[in-house]
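Asks: Chains as they are written, first to last, in this note's numbering: chain A, 1 to 246; chain B, 1 to 270.
The reader is advised that the hints may include incorrect statements.
[What the hints assert, rightly or not] Mimicking DSS-like on lysine-lysine, the simulated pairs with C-alpha atoms at most 25 angstroms apart in a straight line are: (1) B:Lys70 / A:Lys108; (2) A:Lys42 / B:Lys234; (3) B:Lys234 / B:Lys205; (4) B:Lys173 / A:Lys64; (5) A:Lys108 / A:Lys28; (6) B:Lys92 / A:Lys149; (7) A:Lys64 / B:Lys178; (8) A:Lys146 / B:Lys76; (9) B:Lys64 / B:Lys36; (10) B:Lys56 / B:Lys176; (11) A:Lys42 / A:Lys146; (12) B:Lys92 / B:Lys70; (13) B:Lys136 / A:Lys108.
[As the list claims (entries may be wrong)] One-sided excerpt, in silico: chain A residues whose CB lies under 7 angstroms from chain B: (14) Lys64; (15) Ile66; (16) Tyr75; (17) Glu78; (18) Asp91; (19) Pro92; (20) Tyr93; (21) Phe100; (22) Val103.
[As the list claims (entries may be wrong)] For each label pair, taking beta carbons as the anchor points, the in silico distance ranges come out as: (23) B:Cys228 / A:Lys183: 50 to 56 angstroms; (24) A:Glu142 / B:Gln251: 25 to 31 angstroms; (25) A:Ala83 / B:Gly59: 38 to 44 angstroms; (26) B:Ala252 / A:Asp123: 36 to 42 angstroms; (27) B:Cys228 / A:Glu198: 49 to 55 angstroms; (28) A:Asp131 / B:Gly59: 53 to 59 angstroms; (29) B:Glu72 / A:Gly195: 45 to 51 angstroms; (30) B:Lys173 / A:Glu142: 41 to 47 angstroms; (31) A:Leu192 / B:Gly59: 36 to 42 angstroms.
Please keep in mind that the hints were generated in silico from the structure rather than gathered at the bench.
Each residue gets a CB set at the ideal place from its N, CA and C atoms; glycine is no exception.
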Amino acid sequence: MAGDQELKLLGLWGSPFVMRARIALNLKGVGYEFLEEVLGTKSELLLKSNPVYKKIPVLIHNGKPICESMIIVQYIDEVWATAGPSILPSDPYDRAIARFWAVYIDDKLFPSLRKIVLANADDEETAEAADQVIAGLQLLEEAFEKFSKGKDFFGGESVGCIDIALGCYVGWIKAAEKMAGVKLLDKEKLPLLMGWAERFCSADAVKEFDARGRQAGRARQGASSQAECCCHQMKVFSFKKAVLVA
Amino acid sequence: MLTSKATSDPRLPSNIFLHSNFRENTERMAGDLELKLLGSWASPFAMRARIALNLKGVGYELLKEVSGTKSELLLKSNPVYKKIPVLIHHGKPICESMIIVQYIDEVWAAAGPSILPSDPYERAIARFWIVYIDDKWFPSSLRTLRGLNEEAKAEAEEQLANALPLLEDAFPKCSKGKDFFGGETIGYLDIALGCYLGWIKAIEKMTGIKALDEAKTPTLVGWAERFCSGDAVKEVMPEADELIEFTKLIQAIMNAAPGRQNMHVSKNDR
Chain A
1 MAGDQELKLL GLWGSPFVMR ARIALNLKGV GYEFLEEVLG TKSELLLKSN PVYKKIPVLI
61 HNGKPICESM IIVQYIDEVW ATAGPSILPS DPYDRAIARF WAVYIDDKLF PSLRKIVLAN
121 ADDEETAEAA DQVIAGLQLL EEAFEKFSKG KDFFGGESVG CIDIALGCYV GWIKAAEKMA
181 GVKLLDKEKL PLLMGWAERF CSADAVKEFD ARGRQAGRAR QGASSQAECC CHQMKVFSFK
241 KAVLVA
Chain B
1 MLTSKATSDP RLPSNIFLHS NFRENTERMA GDLELKLLGS WASPFAMRAR IALNLKGVGY
61 ELLKEVSGTK SELLLKSNPV YKKIPVLIHH GKPICESMII VQYIDEVWAA AGPSILPSDP
121 YERAIARFWI VYIDDKWFPS SLRTLRGLNE EAKAEAEEQL ANALPLLEDA FPKCSKGKDF
181 FGGETIGYLD IALGCYLGWI KAIEKMTGIK ALDEAKTPTL VGWAERFCSG DAVKEVMPEA
241 DELIEFTKLI QAIMNAAPGR QNMHVSKNDR
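The following block holds chain A by itself, in its conformation from the complex (with noise of 0.2 angstroms):
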């Protein structure tokens, strides 16, 4: 991307709430310039930007910060409205369905995904963790098959708002797997999510993205999966304490 020099996202590569701000630009083919923070520090721009909560993601648009990653999402929807396709559907109730969804899934499935991928809890509370994923992601089975009517996306023929919201785990549910030593996504109890989480990440918004990560040259090349990056990834923050954030 061409690197537009009013809009700046201040991110982390493997942030799963990084990861929507960019696929939201890309879907719009908005240009921007990234700025990675470097892990376990706040630079004096983040701040400055996001003095509340000091975390990333973080837009800036003609100097003007915008934070919370699901914010970031509609916030390009509508500020490149004629541009892509609509991120959030067109119809109220649809929007307040997306909406509820996409509150859900940070509501319910990231605090129990974060527990089993940082592996900060004991086999029980593991255990409880990696049940809790599997309804959770058991309701938006259900869920995809009325929302997407027989399309590819929540959003239908196009990546939408809860597309951003759950894709975006896809990487950590995979290393939550290996880490927790579970099938979360199983392609018999959760045949239209594993589609779905198929041709969400080979969309040309999220593949980009993970393309440009890799051609940044960092550690993580040579990794041949997106779960073995997340792995990595949750590792050293981990380690680190970074936080990744909502």
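Place chain B on chain A using the hints.
Replies: The following block gives chain B in isolation, referenced to the frame of chain A:
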């Protein structure tokens, strides 16, 4: 007002359920059966939806959930969280208070003032503060209310003391010199924060903690008075004394039946 007859009734647990409707019902009952709101008079989250509907001048049927129970309609309409408020429009349920408010603003866009700001950046800022408020306020207020222990109260007091100056600071930027965060009329952030004012006053009375202090947050104090006097708010804002009575009754139930869940005072939604 709760009568002494109710509080001294030996059948306190079941009687409470009968008296959950003790507050005078002044909500609009236009008989629009296509729009129902599942809620309760004491819930700040249900209040958000009611204020939004009032701002838009939309009639609806209020279906009051009884404290301590969950109606079949609630369980069917919000199977994921099983919590109020739920707006049911033409049979389709919408959950989560601020999602409901946005829905109302979008569906009745042409009626009444805009609730969300029209500018995308201002919308993002309003949404940000709402995330912050619901993250910081409700849990701490709840702990204080329940009076779990002195340490919890001190922590709650500190959280409020940290949160309020930020909002005091945000007000002039959002309001641009007007009466509300939303400008000339009550808006999205006003509703999100203002719904807590009844409980804040109740907590102040019960604990002696001064949450909204004229000396420390004068702008918010002024805003709170204007908000509570707004036409769309007046009829749905519970009195502090009523909430205190309600709290005592709930505590009595909880003491009588330890482990009873699903009281109103548990976190309802965002």
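Asks: Hints first: check each against the structure and report whether it holds.
Replies: So, going through the hints one by one against the coordinates:
no.: 1; hint: B:Lys70 / A:Lys108; result: 21 angstroms, holds
no.: 2; hint: A:Lys42 / B:Lys234; result: 45 angstroms, violated
no.: 3; hint: B:Lys234 / B:Lys205; result: 20 angstroms, holds
no.: 4; hint: B:Lys173 / A:Lys64; result: 13 angstroms, holds
no.: 5; hint: A:Lys108 / A:Lys28; result: 29 angstroms, violated
no.: 6; hint: B:Lys92 / A:Lys149; result: 17 angstroms, holds
no.: 7; hint: A:Lys64 / B:Lys178; result: 22 angstroms, holds
no.: 8; hint: A:Lys146 / B:Lys76; result: 17 angstroms, holds
no.: 9; hint: B:Lys64 / B:Lys36; result: 10 angstroms, holds
no.: 10; hint: B:Lys56 / B:Lys176; result: 23 angstroms, holds
no.: 11; hint: A:Lys42 / A:Lys146; result: 42 angstroms, violated
no.: 12; hint: B:Lys92 / B:Lys70; result: 18 angstroms, holds
no.: 13; hint: B:Lys136 / A:Lys108; result: 18 angstroms, holds
no.: 14; hint: Lys64; result: 6 angstroms, holds
no.: 15; hint: Ile66; result: 5 angstroms, holds
no.: 16; hint: Tyr75; result: 5 angstroms, holds
no.: 17; hint: Glu78; result: 4 angstroms, holds
no.: 18; hint: Asp91; result: 9 angstroms, violated
no.: 19; hint: Pro92; result: 4 angstroms, holds
no.: 20; hint: Tyr93; result: 6 angstroms, holds
no.: 21; hint: Phe100; result: 6 angstroms, holds
no.: 22; hint: Val103; result: 6 angstroms, holds
no.: 23; hint: B:Cys228 / A:Lys183: 50 to 56 angstroms; result: 53 angstroms, holds
no.: 24; hint: A:Glu142 / B:Gln251: 25 to 31 angstroms; result: 38 angstroms, violated
no.: 25; hint: A:Ala83 / B:Gly59: 38 to 44 angstroms; result: 39 angstroms, holds
no.: 26; hint: B:Ala252 / A:Asp123: 36 to 42 angstroms; result: 41 angstroms, holds
no.: 27; hint: B:Cys228 / A:Glu198: 49 to 55 angstroms; result: 53 angstroms, holds
no.: 28; hint: A:Asp131 / B:Gly59: 53 to 59 angstroms; result: 44 angstroms, violated
no.: 29; hint: B:Glu72 / A:Gly195: 45 to 51 angstroms; result: 35 angstroms, violated
no.: 30; hint: B:Lys173 / A:Glu142: 41 to 47 angstroms; result: 42 angstroms, holds
no.: 31; hint: A:Leu192 / B:Gly59: 36 to 42 angstroms; result: 40 angstroms, holds
In this structure, the earlier hints numbered 2, 5, 11, 18, 24, 28 and 29 are contradicted, and the remaining ones agree with it.
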